[in-house]
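Q: Residue-level listing of the chains:
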Amino acid sequence: MTEARDGALVAHYFRHEYGRLVARLVRRFGVHELAAIEDSVQEAMVAALDVWGPRGIPDRPSAWLHRAARNALLDRTRTRDRRARILEERDEPAPPEPVEARLGGEVDDELLRMLFVCCHEELPERSRLVLALKILCGFGTDEIAFRLFTTEANVYKRLARARDRLRAIGAAEPSGATLRARLPDVRSVLYLLFNEGYLSIRADDAIRAELCAEAIRLTTIVATHPAVADPTTAALLALMHLHAARLGTRTDPAGDLVLLEEQDRSSWDRERLSTGMEWLTVARGAERLTRFHLEAAIAAEHALAPSFAETDWGRIARYHQQLAELDPSPIHALNRSVALAEAEGPAAALESLAEVVRPEWLRDHYLWDAVLADLHRRAGHTDQARVHRDAALDAAPSEAIARALDRRLFIG
Amino acid sequence: MSRRKFLVLYRGPQGGGEKPKSPPSPEAMQAMIESYRTWMDSFADQIVDPGAKLMGEGRVLSAKGVADGPFVEAKEVIGGYMILSCESYDEAMAVMKAGPAGQLTNGSMEIRELIPNT
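Quick note, the sequences are listed as chains A and B, same order. For the first sequence, the numbering used here gives the first residue as 13, with consecutive numbering after it. For the second sequence, the numbering used here gives the first residue as 14, with consecutive numbering after it.
Since the hints were derived computationally from the structure, they do not count as laboratory data. C-beta: ideal position from N, C-alpha, C; glycine also. Keep in mind that a hint or two might mislead.
As the list claims (entries may be wrong) - Label pairs and their in silico Cβ distance ranges: (1) B:E47 with A:S200: 56 to 64 Å; (2) A:S279 with B:E126: 45 to 53 Å; (3) B:S48 with A:E273: 24 to 32 Å; (4) B:D103 with A:P342: 53 to 61 Å; (5) B:K110 with A:S279: 45 to 53 Å; (6) B:E126 with A:R390: 32 to 40 Å; (7) A:E273 with B:A41: 49 to 57 Å; (8) A:A189 with B:L74: 19 to 27 Å; (9) A:R398 with B:E100: 47 to 55 Å.
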C-alpha cells in the first residue's frame, strides 16, 4: 500500500483505523452489533486492498473505509433481520478524516468509550485484554495469539464468548458515572497490555516495543480525555514512558539480556524520559498513593540516576516496602531486597528475605533463585550461591536469560 | 515543636490531565523528581488521612428544610478533603504545594488548623 502513487499512509494506518471504525459504528449501532460490525470493517479493509492497489489511495481514505464498512454492515443486517430499516434511519454521514484528530476530539471520544466497553466488569480480565487488542489495536486473532503466547483457537474462543456476554447483558456505551467507576479496571487492562510488552521474556524487540506503544497510545487517550482524566492515570502513563525509554537498551544486538548496571544510559530515550517526568508532575495531583505512583517513582529514580552506583537505592527500597504494604506480593519483597543489597549490602538484603515465604506460584521461577544466588555470592556464601544459581539456570525460560544469569552469577 | 492537625479542603474542579507541552531540560527534570520525592515523602510523614474525593451531589440541611445540593449554581464546590499532621502552616503549605496544589489550574485549597478536643 505504501507504494501507491498518492504516497504512504501513516504507520499502522489499517490497524488503528480498524479500532476507530469499530468504535464509530458501535457508537451508532450499539454494542449488540459488535460481531457484525467487526466483520463489516474487516470486509471493508479487504475491499480497500483490492481497490486501492490498482486505483491508488483515495483522497479521503478514512471516509472511503467508513462508507464501505457501513454498507457492508447494512447488507449484513438487512439480510439478517428486519431491524435494517431502523438502522438506516439512525445512520449518519461519513466522519471527518481522523488522522489529524486532536486531543478530546470525537475520535478519541469514540475510542475511549470502546475501551471502556472492552473493560466491562462482566468479562474476565484476560478477555478484556484480548478484546482491546482485537478491537482497539486492530490485531488479528493469529497476531494476538502470537503476542500473548497462546493458541489462535483460545483467542478465538475468548473473543466469541466476550462478544456473546456483552450482547447477553445488553452492555451499553458507558458514560458519566459508569466511566469513572470502570476507570480502575481500564487502568488494570492498560497496565497488563504494557507489561505484556515490557516484561515479556519471550517476544522479540519489535513485538515488545509495539505492545508498549499501543499501551501508551490508549493510556494517553484516557489520561487526556476530560471525562476521565485523573492523576492516577497520569502516574500510570508516566511509568509507561519512563520504562519504555529504557526498552531498547535491555537487549544487545545478539538478543541477550543486558542488566541494568551494564546498560548504556546515554542511549536511553531522552524524549520519552522527559514526557514521563511531565506526566509524573501531573500525577502529583492525586490524594492518595497508588501502586502506579510508587512504580513510576521507582522508574523515575532509575531513569534520572547518573549511574547505577549513584542511584538512590535506599529510597527505592522504601518505595518497594510501600508497594508491599499496598499489595502484599512477595515480588515486592524480592525487589526490595535487590535495592537493599545496593543500599546496605547483601547481608541486610538476605535478612529482609529471611521471613518471606516463597509462594507456590514462584516455586519454579528463575528470578527468586537468581536473586538469592546473587545475594549469597556477594555475601561470600559460595555453597548456597551455587545451589541457587543451578536452580535459576535450570528454570531460565530462554537461552538469552540463561546466558545473562551465567554471566552475572559466575562463581570463581 | 509539637505537631498539630490541619484540614485541607479542595474547592472547585480538580486539575485534569492537560497534555504537557514543551520538553523539559535535564535541570527541570531534576527539579521535577525533587518535587515528586517531597510529595511522596509527605504521605509517610504528614498525611495522616489521605481523605477522599466527594461525590458531586448530596443533600443540604438547613433551617428551611432539606434540599438537593450542593449548590450547582455555586462557582466553587468542595471536591475533597485531606488531614495533615504538621508543625506549622508553612509545613502544611509546603506539603500541599509539592502535591495537589502544585497542579491547580483552577480552584483552590483551603488549609485550616483543627482545634484538638479537650
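Q: All hints are to be evaluated individually against the structure, with a verdict given for each.
A: Taking the hints in turn, this is what the structure says about them:
| no. | hint | verdict |
| --- | --- | --- |
| 1 | B:E47 with A:S200: 56 to 64 Å | 30 Å, violated |
| 2 | A:S279 with B:E126: 45 to 53 Å | 51 Å, holds |
| 3 | B:S48 with A:E273: 24 to 32 Å | 28 Å, holds |
| 4 | B:D103 with A:P342: 53 to 61 Å | 41 Å, violated |
| 5 | B:K110 with A:S279: 45 to 53 Å | 35 Å, violated |
| 6 | B:E126 with A:R390: 32 to 40 Å | 50 Å, violated |
| 7 | A:E273 with B:A41: 49 to 57 Å | 27 Å, violated |
| 8 | A:A189 with B:L74: 19 to 27 Å | 24 Å, holds |
| 9 | A:R398 with B:E100: 47 to 55 Å | 53 Å, holds |
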